[in-house]
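Asks: Sequence:
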Amino acid sequence: MDTDIITNELEGSAFFPKKPQQFASSLPASSVLTIKATARPGDEPAERRPDRPTGKRVLIRRGFEYGQDQLTTLKKISLQQQLEGGDGSMSAMVREALDDYFKKRNL
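In my numbering, each residue's number is its place in the sequence shown (first place is 1) plus 2.
Calculated directly from the structure, the hints in this document are not laboratory data. Don't take every hint at face value.
Here are the simulated DSSO-like cross-link-like pairs (lysine-lysine), alpha carbons at most 30 Å apart as the crow flies [to be verified]:
(1) Lys78 to Lys58
(2) Lys106 to Lys58
(3) Lys77 to Lys106
(4) Lys58 to Lys105
(5) Lys105 to Lys78
(6) Lys77 to Lys58
(7) Lys77 to Lys105
(8) Lys78 to Lys106
Please model the entire structure based on the sequences and the hints provided.
Replies: Shown next, in the form of structure tokens:
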């Protein structure tokens, strides 16, 4: 069996796609392209201190166990708030409940 004939026949098929051709680069290997951004006066970023307070809490996502009845009630309250045009954020409700819990315990 002549494998060269079979190879030539299958070379252009979908199962044996053509190999990409290697083109010689017309640019010398040592050339480097430098791109400089144009800046207008006043485009410099304002200097900011990284430790400046933003007045907002840093939110951290954690998973906790809760009762199915608690989640059902939380979802109902959330949907009711959304129907009334509010945010209905269950996360905000839980954060508020935790703040109340900490105040109750004088923490």
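Asks: Could you run down the list of hints and mark each one as holding or not?
Replies: Hint check results:
no., hint, result
1, Lys78 to Lys58, "holds (28 Å)"
2, Lys106 to Lys58, "holds (23 Å)"
3, Lys77 to Lys106, "holds (25 Å)"
4, Lys58 to Lys105, "holds (19 Å)"
5, Lys105 to Lys78, "holds (26 Å)"
6, Lys77 to Lys58, "holds (25 Å)"
7, Lys77 to Lys105, "holds (25 Å)"
8, Lys78 to Lys106, "holds (25 Å)"
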